[in-house]
Amino acid sequence: MFRFFLTRFSLIIPTFIGVTLLTFALIRLVPGDPVELMAGERGISPERHAELRAAMGLDKPLLVQYGDYILNVVQGDLGNSVVTRTPVLDEFMTLFPATIELSVCAILFAMIVGLPLGILAAVKRGSIFDHSLMGISLTGYSMPIFWWALLLILLFSVNLGWTPVSGRISVMYWVEPVTNFMLIDALLSDEEGAFSSALSHLILPAIVLGTVPLAVIARMTRSSMLEVLGEDYIRTARAKGLAPLRVVAQHALRNALIPVVTVIGLQVGVLFAGAILTETIFAWPGIGKWLIESVARRDYPVLQGGVLLVAAVIMIVNLLVDLTYGVLNPRIRHGGH
Amino acid sequence: MTVESQIDATPREPLPTARPPSAFGEFWHYFAQNKGAVAGLVVILIVTFAAVFADLIAPYSPNEQFRDAILQPPFWAEGGSFQYLMGTDDVGRDILSRIIHGARLSLLIGAIVVTLSLAVGVVLGLIAGFARGVTDVLIMRLCDIMLALPSLLLAIVIVAVLGPSLTNAMIAISLVVLPHYTRLTRAAVITELSKDYVVASKVSGAGVLRLMFITVLPNCTAPLIVQATLGFSTAILDAAALGFLGLGAQPPTPEWGTMLASAREFVSRAWWVVTFPGLAILITVLAFNLLGDGLRDALDPKLKR
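Chain order of the listed sequences is A and B. The opening residue of the first sequence carries number 1 in the UniProt record's numbering; numbering runs sequentially from there. The opening residue of the second sequence carries number 1 in the UniProt record's numbering; numbering runs sequentially from there.
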């Protein structure tokens, strides 16, 4: 198992190098002068231009520039935002918990609802429940979530007035940022009602972000379960008189979960893409909104660093998924090397 | 065309049992049992018809502004008229006409992205699955690099570099959905390769290309068809999302996502401006997903009977 872990971990490194090449090329592919792009100063004097150029190492050969870039990245130096002048890594670390909080709630919502529904639909294959559930899940999968968000806002915020339209917590509360996870910080603070305010701000964005993963998980669980339920060993288990629940929960589910875990792992990318839209619509101060704003402000160091960090996070989650895959399926673990 | 209806139509022909159903006939027999899939197909045909003949069907030009009919509600709502069936937007353009013209863009985006990504992705997956070793590792690392970024984010990066355009968005989306096909194909190929029929084929002297495309690939199609359908919806959805963020098709292009972006500020006072373009996206994408489901059921030999 340890060897399996090491092999998988070593595979992440070339991928990471590939992504650094991509982000390194980003600034150089943007039309315009890289000095002005990175320094955020326009129409500067030739002396200042040369000075900045030397300071940023742009007068060195490309390979050396890339080497310097990698060295900086490894040391956590991703440059400074052109707009706020704060280090990109610091901004990322401040905003990232907001995105994690939103994404974790979304994926939990999707799994808690999606897995049981998918299993139930497979067991009751062909029933009205199965048909209507698959219809609903297909609609959920087809949903343009930015439109879904607008509809939910229209219904729950504008018409019913149940949930707030934007932000992470009501302006009435001041919560000391300890962990930057609003739910936890609100619990830790003495303010009464802060937690429920944070929770009510979280519900709509989490539902919107969790809709597509929910549909995918329900569909995948069902089709994977159906495939496994048709296998010989399930018939054997049934034939030897095991309780139906035990056949489903112990024999079928373990094998059916393997593709489901992969699909849940692939949802990390879906979540990030969804977070860009969800955070923009709900004014949720996370990574997605930050990246979109960096495009609008032409804040290239933020875009460059942000993309690299997002890629790193997704790679780590993919690695964890691969490892889970190995735990669930011993054939892969032992055949892996 | 089922066998039964052929009998009814031509009663004097020789006994129908002499002729087995054609491959398409058999496929259609199974496909037609799935009512959702047939509904999806009908919707897609309607959308395609609307896209092709948009200039003839649409009551007005998508960019014609009726200054005396700004933010007019649809015909059944109070204050609406039959002149503008789905109402008008904030500059008095007919929403129905814009949605009909938008069908063109969405279908084009889906078709181009799926064709590109499926063709390249499957071949890469086959090569990786058959070759294993260094080739496999190289291809899968390449996939990982591409998968490390969500399609929407990469599209945003490309837009930031090249400037907002529908073409750049389509290229980006094709690139980023491609690894999904490669991974799926490779996984299916590796499972299939250990099965007896492949060994039998090898023993009979089948070459690598025959093994890849004739022996193994048809047994891997089920997940690929599902993924291609999802790819169609991903393409339409991502392009619409980019349009919504102001980074895809640019106004006044009647692209559905772009229409939603300009409608956002009217969410509380003109629901129809927000509702219809999103509904168009949802219905089209849903139709493709229903069709894909039906195709899977009809084509997958495991699920047949």
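It is worth saying that the hints were derived from the structure and are not from the lab. From a predicted model like this one, the values you see are computed outputs, not experimental measurements. Check the hints yourself; a few may be wrong.
Stated by the list, open to error - Taking beta-carbon pairs under 10 Å as the criterion, some of the chain A residues facing chain B (in silico): (1) Phe24; (2) Val158; (3) Val270; (4) Leu291.
Even glycine gets a Cβ: it sits at the ideal position worked out from N, Cα and C.
ask   = Does the nearest C-beta of chain B fall within a distance shorter than 10 Å of the C-beta of valine 270 of chain A?
value = holds (7 Å)
message = Would the hint on phenylalanine 24 of chain A be counted as holding, given a Cβ-Cβ threshold of 10 Å to chain B?
response = violated (13 Å)
inquiry  = Checking hints one by one. Is leucine 291 of chain A an interface residue toward chain B, by the C-beta closer than 10 Å rule?
reply    = This interface hint holds because 7 Å falls under the 10 Å limit.
key: Restraint check, 10 Å cut-off on beta carbons, for valine 158 of chain A near chain B   = holds (5 Å)
Checked against the numbered hints given earlier, this structure breaks only hint 1.
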